[in-house]
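Here is how the chains run, residue by residue.
There are 2 protein chains.
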Amino acid sequence: MSFSAEEQLRELKKGSVDLISETELVAKLKESAAKNKPLRIKAGFDPSRPDLHLGHTVLLNKMRQFQRLGHQVIFLIGDFTAMIGDPSGKNQTRPPLTEDECVENAKTYARQVYKVLDSTKTEVAYNSTWFKKMSTADFIRLSSQYTVARMLERDDFANRFRERTPISIHEFLYPLVQGYDSVALRADVELGGTDQRFNLLVGREIQKSYGVAQQCVLTVPILEGLDGVQKMSKSLNNYIGVEDSPKDMFGKTMRVSDELMIRYYELLTDITTDEMTKLKQDLASGARHPRDVKVALAKSLVTRFHSATDADRAEEEFKRIFAAGGLPDEMPIFDLNAAEFSGGAVGICQLLVRLNLAASNGEGRRSIDGRAVEVNGERVADPKLQVPLKSGDEFVVRSGKKKFAKVRVK
Amino acid sequence: MSFSAEEQLRELKKGSVDLISETELVAKLKESAAKNKPLRIKAGFDPSRPDLHLGHTVLLNKMRQFQRLGHQVIFLIGDFTAMIGDPSGKNQTRPPLTEDECVENAKTYARQVYKVLDSTKTEVAYNSTWFKKMSTADFIRLSSQYTVARMLERDDFANRFRERTPISIHEFLYPLVQGYDSVALRADVELGGTDQRFNLLVGREIQKSYGVAQQCVLTVPILEGLDGVQKMSKSLNNYIGVEDSPKDMFGKTMRVSDELMIRYYELLTDITTDEMTKLKQDLASGARHPRDVKVALAKSLVTRFHSATDADRAEEEFKRIFAAGGLPDEMPIFDLNAAEFSGGAVGICQLLVRLNLAASNGEGRRSIDGRAVEVNGERVADPKLQVPLKSGDEFVVRSGKKKFAKVRVK
Chain A
1 MSFSAEEQLR ELKKGSVDLI SETELVAKLK ESAAKNKPLR IKAGFDPSRP DLHLGHTVLL
61 NKMRQFQRLG HQVIFLIGDF TAMIGDPSGK NQTRPPLTED ECVENAKTYA RQVYKVLDST
121 KTEVAYNSTW FKKMSTADFI RLSSQYTVAR MLERDDFANR FRERTPISIH EFLYPLVQGY
181 DSVALRADVE LGGTDQRFNL LVGREIQKSY GVAQQCVLTV PILEGLDGVQ KMSKSLNNYI
241 GVEDSPKDMF GKTMRVSDEL MIRYYELLTD ITTDEMTKLK QDLASGARHP RDVKVALAKS
301 LVTRFHSATD ADRAEEEFKR IFAAGGLPDE MPIFDLNAAE FSGGAVGICQ LLVRLNLAAS
361 NGEGRRSIDG RAVEVNGERV ADPKLQVPLK SGDEFVVRSG KKKFAKVRVK
Chain B
1001 MSFSAEEQLR ELKKGSVDLI SETELVAKLK ESAAKNKPLR IKAGFDPSRP DLHLGHTVLL
1061 NKMRQFQRLG HQVIFLIGDF TAMIGDPSGK NQTRPPLTED ECVENAKTYA RQVYKVLDST
1121 KTEVAYNSTW FKKMSTADFI RLSSQYTVAR MLERDDFANR FRERTPISIH EFLYPLVQGY
1181 DSVALRADVE LGGTDQRFNL LVGREIQKSY GVAQQCVLTV PILEGLDGVQ KMSKSLNNYI
1241 GVEDSPKDMF GKTMRVSDEL MIRYYELLTD ITTDEMTKLK QDLASGARHP RDVKVALAKS
1301 LVTRFHSATD ADRAEEEFKR IFAAGGLPDE MPIFDLNAAE FSGGAVGICQ LLVRLNLAAS
1361 NGEGRRSIDG RAVEVNGERV ADPKLQVPLK SGDEFVVRSG KKKFAKVRVK
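Protein sequences, first through last, are from chains A and B.
Position 76 of the first sequence, counted from 1, bears residue number 76 in the working numbering, the numbering being contiguous throughout.
For any residue, its number in the working numbering is found by taking its place in the second sequence, counting from 1, and adding 1000.
Check before you lean on any hint, since a few could be wrong.
To be verified - With the C-beta cut set under 10 Å, the calculated list includes, among others, these residues of chain B facing chain A: (1) 1009; (2) 1081; (3) 1086; (4) 1160; (5) 1170; (6) 1183.
Claimed, not checked - Computed spacing ranges between beta-carbons, pair by pair: (7) B:1098 - A:132: 41 to 49 Å; (8) B:1392 - A:31: 56 to 64 Å; (9) B:1098 - A:155: 55 to 63 Å.
Since the hints were derived computationally from the structure, they do not count as laboratory data.
Built from N, CA and C at the ideal position, the CB exists for glycine as well.
All chains, please: the whole structure from these sequences, using the hints.
Okay, structure coming up:
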């Protein structure tokens, strides 16, 4: 730990949203340095959804930052609650997991998170460890440490209560479970997305009730998905998965808007404040072209989650398909529903008409005969070609020099 | 079980308030008769307050009624919750009990309740039996069976929530605990005071969630205390204790108003509907004097909780003290605070002045000298007599033929 508390603080605040409280964190950092005792940094993960996307890596990056500063990171798997699930059965998206599934999902997690975290500096914990041992009487005592009114201050509870959407009582218990995890782990800092702010603060209260030192709370932003509007999530299909292929990762990154590109730089790379200032200046002055900056972003992501070689190869492939043809930065997007088309495919001529790239099947056929039609950069020779439509796929159709359309298959 | 379902229903409804639902209870009674299988009748008791007063016996009478009809009564001791108490520490009147204290208090209960219940037909259960075995995970599942909004419908919760008086989350769990008791006991009917209505109905819901037959709910009125206004309670000192001496029990009963006497007849004796009609007629017509009716009530209570001999003796003693002197049915009541008087006693002359029985100490002394002053029917000879003031005591002071005052010591 060769950094002063102030230096560490500056680094840790970068890209974060809430810090409760700065004074407390500085004190903890100083004490840690003085006693040569790493701080315990907690971050909780839901084992029922172990497929990580880049949205999750914002948090992982912050954890790695703590590791680099010499602190002890705890990757907490919330298996206790995951094994209970939503027993009221109202939330069908969160079915209870078996113990085997938890173990399996924990492995899936490990495979992914160690692309960011240093495995030798990561402590993995399962909250079932302490909750399996806790008696119901002790659990009721835990539940006495918080009030109904304060729980109803949480935004989503407040909204549901106002709108008379049922809240099962066990939902009030889960934030307490999460809070008690901080007692059991003796967490000095808990990290989470801004949507976790309330729960992380409950942890401070519960620690106080149990007479242990209170954790600091540090939140990171929620990453926007590829659409630049909604939260990145698998169910919205606007994500880049940590285990996406180099080609997909590169291609998806290249398709984000210039504005979102800046956001991804901030939240997904190690760019420093000074470098970011310079980058913005260069883009504004035209010293750098947005597409080159995007390529650099895409390569840095592929490098982190695969390798530098994979990044080079993905760049070459991408350029081979698109760059030669002068793919525009922006093009119309068409959402097609695979279910609409029998056999899970569509004839190329019918597709050209659907995408406004031809006025009729006949015109489409003539364009193909004139060698003017490409799908994802590959020329179409057969006017009877069936283009497969697989849900989640994206591809670009081109007709002539200037007419493009992007297809997203639902 | 020689009574038809309809006969049983008529008997059971007598003196009850809520029955949810009559149709269900009739069906249960019929099935019970057909299968020759007694219904399981649950009533829960708080072991942290084992001193019973007549208010509690309203419920015990209803339990005894079920016993007489051949059903199985379960005296449930809520030791699980009593051993947790109010862990938030906000309710100082309910400190947690140790296991030993629970056992001790259960014995105290037994000694008292078997003055009403038939011990051979009473099953005693402790809810710690099942809750000690329940895992925290199962407890969370239990808590998922009810919603926050519905819990906030309970009157006291609704009021506290509106008035921003904190409600700890564990308070939401206790009705669920009580409800689950009905699952564990497979209760067919749960009895309680009207103030328990909400909790008893929660039991029905929880049973449904757990796939067992739903209990019927039967509530009995809350008995007014000796003041005729507030709920009978030890803390308000307006109670007749189950273990009060025959003399106290008789004396306290004799001091209730004529109106309250009728209420006590209804709720504390086995009087039938026909007998009650007759009694009211006789009082209205003057065929019976209220004081005689009150004596009969007092004797019936002493007989139940002590013996017929004790009742006769209490009556004689009461008459020896009061009747000779022609104690009026109504007299002014003075509340004295023992702490106001040094030495825990008051001089008789000062007392006479205080009670408006003498204009001055001098007049008081002259009355005593004239052999006109009595305390509880005993003539006072010494004008320097110190009358002891012990908190909770009541006594009657008389001066001359027609001047009386009742003293209640606080």
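CB of residue 1392 of chain B to CB of residue 31 of chain A, is that within 56 to 64 Å?
At 58 Å between Cβs, range holds.
Residue 1160 of chain B as an interface hint toward chain A, with CB separation required under 10 Å:
Residue 1160 of chain B check passes; min Cβ-Cβ to chain A is 9 Å, inside 10 Å.
Assuming the hint says 41 to 49 Å, is it satisfied by the Cβ distance from residue 1098 of chain B to residue 132 of chain A or not?
Given about 26 Å between the Cβ atoms, the range is violated.
Taking 10 Å as the limit, does the beta-carbon of residue 1081 of chain B come near enough to a beta-carbon in chain A?
Since the shortest Cβ distance to chain A is 8 Å, the answer is holds.
Take a look at whether the Cβ-Cβ distance between residue 1098 of chain B and residue 155 of chain A falls inside 55 to 63 Å.
Hint violated: Cβ distance 42 Å, outside 55 to 63 Å.
Let's test the interface hint: is any C-beta of chain A closer than 10 Å to that of residue 1183 of chain B?
Since chain A brings no Cβ nearer than about 15 Å to residue 1183 of chain B, farther than 10 Å, the hint is violated.
Per the CB criterion, is residue 1009 of chain B less than 10 Å away from chain A?
This interface hint is violated because 35 Å lies over the 10 Å limit.
With 10 Å as the cut and Cβ atoms as the points, is residue 1170 of chain B at the interface with chain A?
It holds, given that the least Cβ distance between residue 1170 of chain B and chain A is near 4 Å, below 10 Å.
Would you check whether residue 1086 of chain B satisfies its interface hint, that is, whether its CB is within less than 10 Å of any CB in chain A?
holds (7 Å)
When each numbered hint is compared with the structure, violations occur for hints 1, 6, 7 and 9.
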